[in-house]
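Student: Chain A is already provided as a structure; the job is to place chain B on it using the hints.
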Amino acid sequence: MKFRINYEVKGTLAFLSHLEMMRLWQRAILRSGLPVAWSNGFNPRPKLSLGPARGVGIEGCSEYFDVECKAKVDPEELVKKLNDILPEGIFILAVREIPQSGKMLEAIIDEAVYKVTFPQGVPADAKEKAAAFLKEKTAPFIRKSPKGSKEVDLRAFVNGIEIKEDGIYLSLKTSPAGSIRVTELLTVFGYWDIIKDIRIQRLGLFVTVGTKRFTP
Amino acid sequence: MKQYHHIPVERFLNRVQRPGRYVGREWNIPQKNFENADVQMVMAFPDLYEVGMSHLGLRILYEVVNQAADFAMERVMAPGPDLEALLRAEDTPLFSLETNRAVGDFDILGFSIQYELSATNILNILDLSGLPLRAAQRDHTHAIVIGGGPCVYNPEPFAPFFDVLLIGEGEEAILEFLALYKEMRPGESDVHRAAFLEAVAKIQGFYVPALYREENGAVVALKDAPAVVKKRYIKDLNQAVFPQKPLVPHTSIIHDRGVLELFRGCLRGCRFCQAGMIYRPRREKTVDTLVCDAAAVIQNSGYDELGLLSLSTLDYSHIDTLVHTLTEQYSDQGISLSLPSLRMDAFSVELAKEVQKVRKGTLTLAPEAGSQRLRNVINKNISETDIIDTAVAAFRNGFHSLKFYLMIGLPFEEKEDIEGIKDLITKVKRAAGKGLNLSISIGTFVPKAQTPFQYCGQEMGETVEAKQRDLKSWAKTQKGVRLSYHDFKTSFLEAVIARGDRHVADLIERAFYLGARLDGWSEYFRYDLWLHAIEETGIDAKKYATRWLSPDQNLPWDHISCGVSKAFLQKEYEKAAAALTTPHCAEDACAACGIGCRKAGEKP
Chain A
918 MKFRINYEVK
928 GTLAFLSHLE
938 MMRLWQRAIL
948 RSGLPVAWSN
958 GFNPRPKLSL
968 GPARGVGIEG
978 CSEYFDVECK
988 AKVDPEELVK
998 KLNDILPEGI
1008 FILAVREIPQ
1018 SGKMLEAIID
1028 EAVYKVTFPQ
1038 GVPADAKEKA
1048 AAFLKEKTAP
1058 FIRKSPKGSK
1068 EVDLRAFVNG
1078 IEIKEDGIYL
1088 SLKTSPAGSI
1098 RVTELLTVFG
1108 YWDIIKDIRI
1118 QRLGLFVTVG
1128 TKRFTP
Chain B
3 MKQYHHIPVE
13 RFLNRVQRPG
23 RYVGREWNIP
33 QKNFENADVQ
43 MVMAFPDLYE
53 VGMSHLGLRI
63 LYEVVNQAAD
73 FAMERVMAPG
83 PDLEALLRAE
93 DTPLFSLETN
103 RAVGDFDILG
113 FSIQYELSAT
123 NILNILDLSG
133 LPLRAAQRDH
143 THAIVIGGGP
153 CVYNPEPFAP
163 FFDVLLIGEG
173 EEAILEFLAL
183 YKEMRPGESD
193 VHRAAFLEAV
203 AKIQGFYVPA
213 LYREENGAVV
223 ALKDAPAVVK
233 KRYIKDLNQA
243 VFPQKPLVPH
253 TSIIHDRGVL
263 ELFRGCLRGC
273 RFCQAGMIYR
283 PRREKTVDTL
293 VCDAAAVIQN
303 SGYDELGLLS
313 LSTLDYSHID
323 TLVHTLTEQY
333 SDQGISLSLP
343 SLRMDAFSVE
353 LAKEVQKVRK
363 GTLTLAPEAG
373 SQRLRNVINK
383 NISETDIIDT
393 AVAAFRNGFH
403 SLKFYLMIGL
413 PFEEKEDIEG
423 IKDLITKVKR
433 AAGKGLNLSI
443 SIGTFVPKAQ
453 TPFQYCGQEM
463 GETVEAKQRD
473 LKSWAKTQKG
483 VRLSYHDFKT
493 SFLEAVIARG
503 DRHVADLIER
513 AFYLGARLDG
523 WSEYFRYDLW
533 LHAIEETGID
543 AKKYATRWLS
553 PDQNLPWDHI
563 SCGVSKAFLQ
573 KEYEKAAAAL
583 TTPHCAEDAC
593 AACGIGCRKA
603 GEKP
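Taken in sequence, the protein lines are chains A and B.
My numbering puts the first residue of the first sequence at 918, with every later residue one more than the last.
My numbering puts the first residue of the second sequence at 3, with every later residue one more than the last.
Extracted from the complex, chain A is given alone in its bound form:
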């Protein structure tokens, strides 16, 4: 049986890396006593796969991972068992059974929606800046990493920007081929590292089929 688990990550645990989240789930599942299926090979691991990586420090309001069990499990029991052994800040919202042969989460999710909030409210020039950004065809950005720098076109990954009273809402493209960081956009806007204590939340992840948008 395969399950798709929908969860949230709040507070400081949002600072865990993708790899650290992976290990957290592996151990949580072993603690829960659920009959998880194991991978074969030299170094066996519980069979689970996570959705697209979240930037470090970004809270997740509706994240996903898939897990395979080797025996029948009641989904409600699964939710309860997991929530009993999760650290403060991580919580299972829902679980549903999925077909054994479905595609990986990372392969199907193509959009991520973020909300950015500022302690002193949305900057006054946000609307103006967003409109100017969306008008452009490209928005080159130099991404620096320990391995060197690389140019990325931020514009190509932005589906939409909406400025509301309570924050900036961003719809970004994501795929195994690439994605951009919210902090990169905020850097271009002149907010990141300038305004203190910016809070970023990933509100949801979506799959597009034809012209329709679904949750995974």
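Certain hints may be false.
[Stated by the list, open to error] Cross-link-like lysine-lysine pairs, in silico, BS3-like; alpha carbons within 30 Å at most: (1) 1032/A x 1020/A; (2) 964/A x 247/B; (3) 997/A x 247/B; (4) 481/B x 987/A.
Everything labelled a hint here was simulated from the structure, so no lab data went into it.
Tutor: Same frame as chain A, now just chain B:
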């Protein structure tokens, strides 16, 4: 009521390399109100989180204190250089992992001192907490600073920074200390604080440095503090607290697995080994206790690996039964066992095969010295045949990579002993045949207090480095052999601190002010800062490391007793000089080390 400052930690986490080190909230954090306990302690491990959380002792004390309703213990580790820079730039104190409160606000700040080169990290934690570095500059408004761990068996280089040092095991002593704190309220006035420290000095195991002073190379007690501070140890490990609900870190740590402690102490008596002396007597847990610990740890943690921890794990009396029971129970759940290093006999290889059924790793053998004569000098009671046979048996059983630990710069070492290392490796390779990969790790001998080799000077750097180069260039010509060694400079500083007196504290303090941090990490170690500190303080560091001490002169650590008698250490030293061995405690008769676990001459 004391005021505690809460630090907005999230502000910094975006800007550091591994925020997982500082987020806390590990699974199995005790469900108690840390901020309500009568006495609130924060325990520091003066190294990065991944090292600190790999240490069992810290986890045990954490469990012991947090099981008590009146007391609470939080944790803090050394910050990485990036977090330190941010905290200093924004004038923000270092914070505890549990409640993110400023470390300097706690009633008590404890340090686990496992490694000499964590000395500058201790000072950094004190400084980042806003506490004066030296005990003499602190008053009743400051936290009481206490330390413990193997390094304090020569406490003097650390002494000026500490109000109290605990010699020996902490499980029982820490509760007595906290209870006395609660009763005597040293935070109320300087008079209360002084009275408390005097009272602490009267409890066995506690050393209050302010109550002692140096006279003619010896440390003598003032007032009515005990002349010799005797270590504490717990009698029955089966009755002792063990963390059955271990904290499960979110970020990967050095030893990222569940742990069982099979026994304390070691019956081998290797003459260079401080752990082998200070953790005596040997005390085993029963198989029942261990199986029960294992079940709890696995169920409560979600670890898929269980480490069997002890000084020479395979010497556990019931190792066979224990391993069979655990593998039977857990191998089909995907849970593997791991052993730190292999005893060199055929039985061990069989056992290793069984242990590594689930995941096959490398095996480690520790012959320590290359020649039989030198192995006799250090009292490593194994023959060349044992070593070769074990390596071959391991290879034939599918362990194609073996790790060898060897040491150079040992006392009474000759040129032939270095040739002996090459000779041993060559023989092992020839006996095993094609396909064996050997990874040879060459350590440098560091003389340690409370061992038979406490009298021996460390070899000069130039000589050690020449030996390292010679071995390295030899290894390059050997197929299937990889050889690595540690930077001599760190071994040198280890020796300076391990055998130093109170003056060495000035050197540590100077190095800290010059910017020395995380000296145990090659990427952060700055030897130039230490050289500056040596120059500026005028302290003859080389003298501390290389001097040979006479058995009839005063030693800077003579006022500390680990229970092993000075007479025994002297006798062992003399036997080493004559390359004579002493049988280990399990065979033959008791060697009368003085710990008193049985009568001298009594058969085991």
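Student: For each hint, tell me whether it holds in the structure or not.
Tutor: Structure-based check of all given hints:
Under the criterion of a C-alpha separation no larger than 30 Å, the hint pairing residue 1032/A with residue 1020/A is consistent with the structure, at around 28 Å. Between residue 964/A and residue 247/B the alpha-carbon distance is near 25 Å, which keeps this suggested pair within the 30 Å criterion. For the proposed pair residue 997/A and residue 247/B, the alpha carbon gap of about 20 Å is at most 30 Å, so the pair holds. Of the supplied pair hints, the one linking residue 481/B and residue 987/A is violated, its CA atoms being roughly 46 Å apart against a limit of 30 Å.
Going through the hint list in order, the structure does not satisfy hint 4, though it satisfies all others.
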